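Asker: Numbering (my numbering), first residue to last: 1 to 412.
Take these hints with a grain of salt, some might be off.
As the list claims (entries may be wrong) - Cut-off 25 Å, straight-line C-alpha distance, at most; resulting in silico cross-link-like pairs (SDA-like, lysine to any residue):
no.: 1; residue 1: K239; residue 2: G47
no.: 2; residue 1: K246; residue 2: R216
no.: 3; residue 1: K409; residue 2: Q194
no.: 4; residue 1: K339; residue 2: Q98
no.: 5; residue 1: K409; residue 2: R169
no.: 6; residue 1: K198; residue 2: L219
no.: 7; residue 1: K203; residue 2: A243
no.: 8; residue 1: K239; residue 2: R250
no.: 9; residue 1: K203; residue 2: A166
no.: 10; residue 1: K207; residue 2: H86
no.: 11; residue 1: K203; residue 2: K246
no.: 12; residue 1: K203; residue 2: N251
no.: 13; residue 1: K239; residue 2: D177
no.: 14; residue 1: K246; residue 2: Q385
no.: 15; residue 1: K203; residue 2: R179
no.: 16; residue 1: K203; residue 2: A248
no.: 17; residue 1: K339; residue 2: E37
Claimed, not checked - Derived CB-CB ranges, DEER-like:
no.: 18; residue 1: K198; residue 2: G408; range: 18 to 24 Å
no.: 19; residue 1: A89; residue 2: D235; range: 19 to 25 Å
no.: 20; residue 1: A193; residue 2: M364; range: 27 to 33 Å
Bear in mind the hints are in silico, worked out from the structure with no lab data behind them.
Keep in mind it's a predicted model, so treat the numbers as computed, not measured.
All C-beta atoms in this analysis are idealised placements derived from N, C-alpha and C, irrespective of residue type, glycine included.
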Amino acid sequence: MSMTNGRRAGAVPALGAALALLTGCGGSTGATGAGGEYTVMTWAPSGTGSADREGVTALAGAIGRATAARGGVGGHRLRVLTCNEHGTADGATACARQAAVAHAVAVIGSYSEFGESFMPVLEQAGIPYIGGYGMTGPEFSSPYSYPVAGGTPTLIAGSGRQLVAAGCRQIALVRSDTRAGDTLARYLATAVAQSGVKPVDVKVPDKDPDYPAVVRKALGEDRPGTCVSNALAPDRSGKLLEAYGKAAPRNTRFGSVIGSVQQSALSAGGAAATLNGSFATGWYPPQSSRVWDELRTTAADDRRIDTSDLGVQTTWVAYQVFLQAADRLREAGTPLSAKTLRTQLDSGDTLDTGGATPPLTWGMTDMLPSAESPRLVNTWVTFQQVRDGRLTEQQSGFVDVRWVLTGGKPPQ
1 MSMTNGRRAG AVPALGAALA LLTGCGGSTG ATGAGGEYTV MTWAPSGTGS
51 ADREGVTALA GAIGRATAAR GGVGGHRLRV LTCNEHGTAD GATACARQAA
101 VAHAVAVIGS YSEFGESFMP VLEQAGIPYI GGYGMTGPEF SSPYSYPVAG
151 GTPTLIAGSG RQLVAAGCRQ IALVRSDTRA GDTLARYLAT AVAQSGVKPV
201 DVKVPDKDPD YPAVVRKALG EDRPGTCVSN ALAPDRSGKL LEAYGKAAPR
251 NTRFGSVIGS VQQSALSAGG AAATLNGSFA TGWYPPQSSR VWDELRTTAA
301 DDRRIDTSDL GVQTTWVAYQ VFLQAADRLR EAGTPLSAKT LRTQLDSGDT
351 LDTGGATPPL TWGMTDMLPS AESPRLVNTW VTFQQVRDGR LTEQQSGFVD
401 VRWVLTGGKP PQ
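All chains should be modelled from the sequences, with the hints used to inform the complete structure.
Answerer: Structure below.
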């Protein structure tokens with residue numbers, strides 16, 4: 001469990017520096033759209049209730065304004081379109097069609113559960129999808145998709161390793177009773193198999209779950225060495241935590257993937273006391289990290305943007321990838337278009353994300369040898385811990401769990 005290896009080491013500029021590079025002279029003449037514009041799009045649901053991610057699109061707009069203030073992309077205006085996908089398949093499809101009509105060079109960041117609906121539209125239009133949240137299979141399988149994080153399976157694999165290192169001898173995975181949940185249970189079992197740890201699969205039905213019963217099954221006899229790994233959606237996690245707090249376990253230790261438990265839940269009274277000392281596995285460094293300083297600056301004037309939200313952070317990382325790829329094209333004297341952007345991303349060049357992830361590349365040898373997720377390249381996670389109601393770094397650097405996802409053996 002070590003920091004990034006030599007191939008991924010080293011840092012190049014974060015977003016502000018990348019934007020500075022892109023504002024120089026010598027921009028391409030093959031701009032997309034009228035007036036020398038490059039058009040991109042970011043979408044997310046809004047006005048739907050608990051699934052809303054309006055901070056994702058709000059951040060895209062803020063990045064667009066910051067880019068304009070620095071002179072654009074290679075001297076060309078960056079036109080950032082945002083779209084409300086309404087939390088429906090039809091809405092997501094409509095957003096993708098709007099991107100195609102606008103001749104967008106990329107869809108960046110974004111948050112949607114309907115990859116099966118929007119991805120075919122993007123594929124037909126030849127538009128790359130950079131750094132979506134990773135909620136659906138096509139985001140990890142389509143040749144037009146460039147995910148910047150490893151999805152929930154990577155987090156579950158990391159959670160298993162983190163809890164093993166913490167001395168857990170039995171780990172109860174609390175997850176949805178779905179096909180995707182079955183996959184998570186398999187990854188956890190692989191992550192702990194070599195350690196002699198007993199995995200317990202606790203399925204939570206979609207309809208009217210009895211959370212106190214779920215907690216009782218997860219806790220078992222509440223012996224030392226018993227641990228819980230939570231992989232439920234945030235709204236369901238809140239109810240699980242309420243039941244967990246009422247059970248007042250004395251010996252069981254709690255772990256969660258970040259995204260299931262939000263920073264806001266950790267800071268909320270009783271929940272903070274219940275979770276103090278608990279473990280969390282994330283895609284990125286904790287929200288308090290200096291890695292996010294520029295994100296905080298960019299989002300400072302917009303209360304809709306929660307900089308601790310994984311959707312917001314993923315969109316930030318995705319825009320860094322886009323801007324660096326665009327700069328590589330500018331340096332080569334190649335006009336930026338959807339096609340040339342895909343070629344650049346597929347080239348195997350390493351792109352830095354300012355420390356939010358290890359440097360990323362979508363070369364053929366870097367993608368995961370998996371039929372389920374062949375586009376997944378970032379198999380690194382961070383280990384965090386709750387202290388005084390805040391997520392803090394438990395272990396510095398990133399931990400690679402690629403071996404879990406490929407069914408291999410842990411590194412010696």
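Asker: Each hint needs a verdict: does it hold in this structure or not?
Answerer: Evaluated hints:
Our distance criterion of 25 Å between C-alpha atoms is met by K239 and G47, whose separation comes to about 22 Å. Restraint check for K246 and R216: the C-alpha separation of about 11 Å stays at or below 25 Å, so the hint holds. Using a Cα cut-off of 25 Å, the hinted pair K409 and Q194 holds, with the two alpha carbons roughly 8 Å apart. The straight-line distance between the Cα atoms of K339 and Q98 is roughly 18 Å, inside the 25 Å bound, and the hint therefore holds.
Of the supplied pair hints, the one linking K409 and R169 holds, its CA atoms being roughly 19 Å apart against a limit of 25 Å. Under the criterion of a C-alpha separation no larger than 25 Å, the hint pairing K198 with L219 is consistent with the structure, at around 13 Å. This hinted pair checks out: K203 and A243 have alpha carbons roughly 16 Å apart, not beyond 25 Å. Taking the CA atoms of K239 and R250, the gap is near 20 Å; set against the 25 Å cutoff, the hint holds.
Distance restraint check for K203 and A166: the Cα-Cα separation of roughly 24 Å lies within the 25 Å cut-off, and the hinted pair is therefore satisfied. With a CA separation close to 23 Å, the supplied pair K207 and H86 stays within the 25 Å bound. At roughly 20 Å between alpha-carbon atoms, K203 and K246 fall within 25 Å of each other, so this suggested pair holds. Under the criterion of a C-alpha separation no larger than 25 Å, the hint pairing K203 with N251 is consistent with the structure, at around 22 Å.
As the CA atoms of K239 and D177 are separated by approximately 16 Å, the hinted pair is consistent with the 25 Å bound. The suggested pairing of K246 with Q385 holds, with an alpha-carbon distance near 21 Å, which does not exceed 25 Å. Between K203 and R179, the direct Cα distance comes to roughly 11 Å. Compliance with the 25 Å bound is thereby established for this hinted pair. With a C-alpha separation of about 21 Å, the suggested pairing of K203 with A248 holds against the 25 Å cut-off.
This hinted pair checks out: K339 and E37 have alpha carbons roughly 16 Å apart, not beyond 25 Å. Range check, K198 to G408: Cβ separation about 21 Å, and the 18 to 24 Å hint holds. Between A89 and D235, the C-beta spacing of about 20 Å keeps the proposed range 19 to 25 Å intact. In this structure, A193 and M364 meet the distance hint of 27 to 33 Å, their C-beta atoms being roughly 29 Å apart.
Of the hints listed earlier, there is not a single one the structure fails to meet.
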